[in-house]
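**Q** Listed here are the chains, written in short residue letters.
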Amino acid sequence: MSEPILEISKLNKSFGPVHVLHDVDFKVYPGEVTALVGDNGAGKSTLVKCIAGINGYESGEVTFEGKRVVLDDPRVPTRLGIEFVYQDLALADNLDITQNMFLGREIRRFGFLADGEMERKAREALASLSVRTVSSVRQVVASLSGGQRQTVAIAKAVLWDSKVVFLDEPTAALGVAQTRQVLDLVRRLADQGRGVVLISHNMNDVMEVADRVCALYLGRVAAEVSAKETSTAQIVELITSGRSGDLGLAPATVDKSI
Amino acid sequence: MSTTTGSTAERASEFSLDVERRDVRGAIREWIDRLRGGDPGALPSILGIVVLGIIFSQVSSRFLTSYNIGNLPGQGAYIAVIGLGLVFVLLLGEIDLSAGTTGGMAAGFAARAVFSGDLHGALDAGVYWSLLGFLVAALALAVWLRTWSGAAVILIGLVVILANLDKHVFWAIIAAVGIGAAVGVFTGFLVAKVRIPSFVVTLALFLAWQGVLLFALNSQSINTSNFDLWNGLTQKNLSPTWSWVFTIVVLALYVGYTLIKSITAQRAGLAADTLQLVVVRGGVVSAIGIVLTVLANRNRSSNQYGRIEGIPWAAVIVVVLMIACSIGLSKTQWGRHLYATGGNAEAARRAGIDVDHVRVSAFILCSSFGAFGGILLASQSFSVSLNLGAGNILLFSVAAAVIGGTSLFGGRGKPRDAVLGALVIVMIPNGLGLKANLGPQYQQVITGVVLLVAASVDAISRRRTAKG
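If you read the sequences in order, they're chains S and W.
Each residue of the first sequence is one higher than the one before, counting from 1 in this note's numbering.
Each residue of the second sequence is one higher than the one before, counting from 1001 in this note's numbering.
One chain only, chain S, in its complex shape:
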């Protein structure tokens, strides 16, 4: 197995007296989809926000491509090539697809916006993901369906030569066909060599698309397992009770956490 592109070890985070993350270890490998699963309140979002540089953390080591980095500012992960697709997508309804994909990072020529160039790059980014559901990059986002919006949000993350992409519940609001399209897209992101992190509650999605599964239980990593060698039942057990057979936290730790 190749070296992890993003490695987090012994990360701790508290909100006041509440210790939310306990010595969390988390690895993202290039070309693989790592699913981050856990019950509500297990610390998934907190972990993502720590990596996004929004939260800050008390202790822990983060290595990106073998180098130590400190994620204390949202601009740091952006510079490293870590992109986040949040659940609410953060698209401006009144702008078109191109304008949304380049928002905040517009290409300019002589101080003025280079719309034609941005349009072409947006089209290329969508084409590289084999997106066929979007008929024009000049469509206003308000006129797009949920699946198309998700596609645009993901393509936006791809545009910037990203190396790691975090996807927060990308299929939560989608129908069957659209879920299918987005999962294909997630797989393609990884096949192109990116490290992909899929945060999801949906075990079907996770088992279908993920290579590895990292289960969080009450702020601790219960287990990090290969998706192929683990059954859905085992993962559900890891999520709900922190252990499953030989896998997971020691009973003593589980009791202490509760």
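Simulated from the structure, these hints should not be mistaken for laboratory data.
Please note: incorrect hints may appear among the correct ones.
[As the list claims (entries may be wrong)] Dumping the calculated DSS-like pairs for lysine-lysine here, alpha-carbon to alpha-carbon at most 27 Å:
| no. | chain 1 | residue 1 | chain 2 | residue 2 |
| --- | --- | --- | --- | --- |
| 1 | S | 67 | S | 163 |
| 2 | W | 1193 | S | 49 |
| 3 | W | 1331 | S | 121 |
| 4 | S | 67 | S | 49 |
| 5 | W | 1261 | S | 121 |
This one's a predicted model, so the numbers in the text were calculated from it and none came from an experiment.
With chain S held as given, fit chain W onto it using these hints.
**A** Only chain W this time, still in chain S's reference frame:
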């Protein structure tokens, strides 16, 4: 050539609606599609202008005379200019109720400075030092908020007042715009940083600036018709020669820009308008511009002794400001960020846009335009009266933007809207004024009905979009 055709065909299958080369037919089809899709653009306001024109030409034979039409720019310029400023704020989903009284106050200080020749001596010491203190505080605030262009305008205004340059009309107008920018920094700070709703902030300031105007005037209105430049803003016309220079420069820039854009984009293999479309569109726009200039350059005086000819200054001012605002909004990064902030502020923030900075700069622009609008209003009414800019002024300007198609909820609107809307609004009192036996009560009822019709057209077309 065969390889490019291949890749275009392939792309066309993936993005079937992306027309690579837009010709005349394509442009018309696109426009009809937009219309069907619930984006009426400028159509309602243009229809409004045509319908009102037909009605008023029946009411009075004097309405369509070139003398009367030539008066419209001067009568409506202040609505258009204040409306242009409001578009920035409306795009954010905010409102500036104080733009009109800001204009009145700024015009009041400017008029007092010109009238007395020495603002320091003319004003009460307390008022003078309060004004300077306010400008310095706003300057510091602008620097702290890093709105550099706003800070520069305030600084120029401050220097002009300190150096007593404002006894000259030109510099007094600059100082007024500087005062407007200072008001904008203040408003923007309260809205963006202190997070008071803009409705409340500007409602309070709407009231306050009316009082400050009385301080500035020492409760005596000042006649501006003797101030040559000031009076000329809405009363004078370019000479026929300069009218042609203006028209030709504007048309040449427009045609040149679209031509260069089309050629460079085609060369780079980007989506572009065909030369055919550029030439036809440029020809139509040029023809309209040339016809208007020919009409404007004919003598339109109603008596045989005086001559009135040329494009009114007010029209030139409004057209130039509208073009500048349009470029700022559609071609610069700042404009794109303004639309994004109005559409989804959270998305803009996460995209790394300094949302507070965008908000403050919009309010600075709005108040600066408001200040200049106040100058135009004073010019049009020949004096800085004690209630300049109060009353319906601001509401007319908001109505202009809305009739033109700007949304009150943010994210949608263009500078063009304010200008076309202002034309609709100014036609009503103008047209009704020609019918001598019609009371003023009709004017407001009719203006209200027109606004309601415009809002209905907008809402109905929106609903069609929502249905898809």
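**Q** Determine for every hint whether it applies to the structure shown.
**A** Hint-by-hint comparison with the structure:
Pair hint residue 67(S) plus residue 163(S) holds up; C-alpha atoms about 14 Å apart against a cutoff of 27 Å. For a cut-off of 27 Å, the pair hint linking residue 1193(W) to residue 49(S) stands: about 25 Å separates their Cα positions. Taken as a hint, the residue 1331(W) and residue 121(S) pair is honoured in the structure, with Cα atoms around 18 Å apart against an allowance of 27 Å. Between residue 67(S) and residue 49(S) the CA atoms are separated by roughly 20 Å; this keeps the pair inside 27 Å, and the hint holds.
For the hint linking residue 1261(W) to residue 121(S), the alpha-carbon distance of about 18 Å falls within 27 Å, and the restraint holds.
In the structure shown, no violation is registered for any of the earlier numbered hints.
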